[in-house]
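The hints should help you fit chains B and C with the ligands onto chain A, whose structure is shown.
Chains as they are written, first to last, in our numbering: chain A, 1 to 333; chain B, 334 to 623; chain C, 624 to 899.
Just so you know, the hints here were simulated from the structure itself, not pulled from any lab data.
A few of these clues could be false.
[Stated by the list, open to error] Covered by chain A, according to a simulated footprint, are these stretches of chain C (three or more residues, beta-carbon under 8 Å):
| # | stretch |
| --- | --- |
| 1 | 785–799 |
| 2 | 808–822 |
[What the hints assert, rightly or not] Partial chain A-side listing against chain C, Cβ under 8 Å, derived:
| # | residue |
| --- | --- |
| 3 | Leu52 |
| 4 | Pro72 |
| 5 | Ala78 |
C-beta atoms are modelled at their ideal positions from N, C-alpha and C, and glycine is treated no differently.
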Amino acid sequence: MGQITLKKVRKAFGDVEVIPPLDLQINDGEFVVFVGPSGCGKSTLLRLIAGLEDVSSGEIEIDGRPSAELPPAKRGLAMVFQSYALYPHMSVRKNIAFPMKMAKISQDEQNRRIEAAASALNLTEYLDRKPGQLSGGQRQRVAIGRAIVREPAAFLFDEPLSNLDAALRVGMRLEISELHKRLATTMIYVTHDQIEAMTMADKIVVLRAGRIEQVGAPLELYENPRNIFVAGFIGSPRMNFIEGPEAARHNAHTIGIRPEHIDVSATEGDWQGRIGVAEHLGSDTYFHIHDTGLAETVTVRASGEVTLRHGETVFLTPQAEKIHRFDNEGLKQ
Amino acid sequence: MATTHARAAARLMISPSVILLLGWMLIPLGMTLYFSVLRYNLLMPGDNPFVGIENYQYFLTDPAFTAALINTLALVVGVLAVTIIGGTLLALLLDQPMWATGIWRILVIAPFFVMPTVSALVWKNMFMNPVNGLFAHLFKSLGLAPFDFLAQAPLFSIIWIVSWQWLPFATLILLTAMQSLDREQIEAAEMDGAGALSRFRHITIPHLGRAATVVVLIETIFLLSVFAEILVTTNGGPGNASTNLTYLVYAESLLRFDVGMGSAGGVVAIILANIVAIFLMRAIGKNLDA
Amino acid sequence: MARAVTPQRKALNTAIAALIGALIFFPIFWTVLTSFKTETQAIADPPVWFAFDWTLENYTAVNQRSDYLLHFWNSVVISVGSTLLGLMIAVPAAWAMAFVPGRRTKDILMWMLSTKMLPSVGVLVPIYLLFRQLGLLDTRMGLVIVLTLINLPIIIWMLYTYFREIPGEILEAARMDGASLREEVTHVLLPMAVPGMASTVLLNIILAWNEAFWTLNLTAAKAAPLTAFIASYSSPEGLFYAKLSAASTMAIAPILIMGWFSQKQLVRGLTFGAVK
Ligand SMILES: Nc1ncnc2c1ncn2[C@@H]1O[C@H](COP(=O)(O)OP(=O)(O)O)[C@@H](O)[C@H]1O
Ligand SMILES: [Mg+2]
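Same shape as in the complex, but just chain A (with noise of 0.2 Å):
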């Protein structure tokens, strides 16, 4: 079981709140991505959950039982840490055993969970080295091992792939859903990267100063944004976002159109634009488009290969029933 409940909760640093009164229900077995910029509070919401802090007021409760009095070993959580936390003096066997040395479990059952915890993970060669030998995803795999053993009722990761290389994170990222997947436990992943949020989560949470700003479904987020926040935090390249006269002809305060959902064409369309810069990708092509009177710049996103280049004149159309009306508060109308 890993249902965990959070029941405004609160969380101040000496006079500065961190965290304002905040309520959320992650269900068992979920994936749950906390995403938001740097500082927002992410970690601090985690290490609330963890134990590792104590909340300023409000409750934690974890499959229905209050968390208040319960220090971070007892409540059945194990955590990923960012910089993996690895300890250096112990080898990969031993880094692994660590917990369940800890809770005095049998070493059978230890050497068991152990082999089973590194085929899984593809460290049995590793498993006599040292964590000062082996490659930064290598150290992320025991990190995860260390969870694993433990048998968690959550697993807590805290941007547990921003300190691997760019290829490296598309593998693991995929080796921690295959994880979700066969274990089924709950999950609850701090990220500030919204395309991990994305592709990994089945729901995401959107933070900003400590606020919730929105909860659901990747595909929600992207589809239904509550404000404007949401609207350009989800979604890559960003939202375009147009004020004045072009927004007041849809009754709003401020439209939003993401880039893949302007079309583009060198002869006709509603808006007029020079290119600045093309970014050609190959699978798809980015523009940077000046002169529109509409932004500074607006970004249109076209599929596959187009060949308009630098300084052109462009024409572009948005999808009429993609466009998100904000109010003068960023409000979806």
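Below, chains B and C with the ligands alone, put in the same frame as chain A:
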């Protein structure tokens, strides 16, 4: 990282140290203050009447105090001058490319590990002794009259001995600081067209400044309390010629058994040391934030 | 700075450094050399360099003075004892300040440092009288207590600077893994801090071994460590150069060796982490 539980544990863990150091500081300090206002001599049994600032008056107006104060200052300033200048030169030298640097560094650092009584006695007997010392032999072979260092230049001799002990400290710290100087910074200055001299002046010296400050302050703390070197060489003499404040207080307390007077002297020594300490704490406190 | 230096330049540097190094080291060298001479050769004029009858008789003589071994042992007990005791008190305090810093942590650290600035002579009288009262004068126990207290701030500071370099996340991981506070410290923190602890221990033994204020003032015959024993050679009747040299060599050799191993840590310890 800090749950109330962890914070409570931390308080518990830190309290033995705090209590011990607090006791170590307050109890003797309070007693010193208390004794300093009593007429209290171990050689004169009877009660110990309260005499107010009498001990301080005697102590501060005693010619020995003026002498000790001057000697203390001369000792501190003399040793500081030798060790800072010598240490900078040695550090510069050892920072140059050469073979077997490690060996030369070890030779230079060695005196720091020699216990004060040994270094004082070795210098006193084997070098400065007017009959059998190496200096006497050297003077004779040059046709000069032997010189009785400890009788004729006692303070200078003690400065010499103490400088020998502390030169390694200054060298080691300045060398460490020099080696932690960012080479890229020097290279950048070189690219900007700074010559060797102006690089030394504008980059090396300011960088060493902090380390030098630390050396000055820490040495001062120790140099104010030089004791063993005086005890085994000159016993503060001849007369008061090599008595410093520490030795004077020791003599009052444990040679003349004048507890009241010794305590008053102790309070004076504490005040003097505190003036230095304030500066030292500022310098170190700044680094704590970095 | 991989720039070529001419071999001539390098040789010149080496020669100057060797010369100065030899000059500074000379008193120690001469002491060691003299310890192998007879008393007559030790004061010979002109001095004899190597062409003398090398002898170990001074070492035998010093060791036969029934008390030498006792004093050596006193030095060992006092320096090691005060270091271990100090470590036991300091580890928890350094843990607390490094990993659970509070608003007052910095003030506490600075205050601890300030106790180190109290000149010993300022509290000589009360300590002497207290020790007399408690029967601690001329006991190893008394010196262990005093040296522990004087060096405690240095130990705490050194450990604190070493502990601070250990990422707190690792200790939090141990906490998540179910380690109790004691297990967290013994299984994770201390093994990781072994190098730092070793240098702390080394520096502290050196400082305690060479301490020459309290050891001289609080001991007479029984508990006197080598600092005080050697001081007894300052009286005229003790004027035997070769034996003094032998006793001195034995007194400084162990610490000289330890000191050479801890040069780098020395800097950090003696400057309270201000210079690394
Ligand atoms: N121990 C602490 N004391 C004071 N402020 C803290 C502490 N930990 C975090 N903060 C503050 O709380 C805010 C949120 O931090 P954090 O949860 O680490 O953000 P994120 O993980 O989203 O980047 C930041 O402004 C940070 O400065
Ligand atoms: Mg974070």
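Verification of the hints:
1. 785–799: The restraint on the stretch 785–799 of chain C holds, since 8 of its residues have a Cβ under 8 Å from chain A and three suffice.
2. 808–822: holds (count 5)
3. Leu52: holds, 5 Å
4. Pro72: holds, 5 Å
5. Ala78: holds, 7 Å
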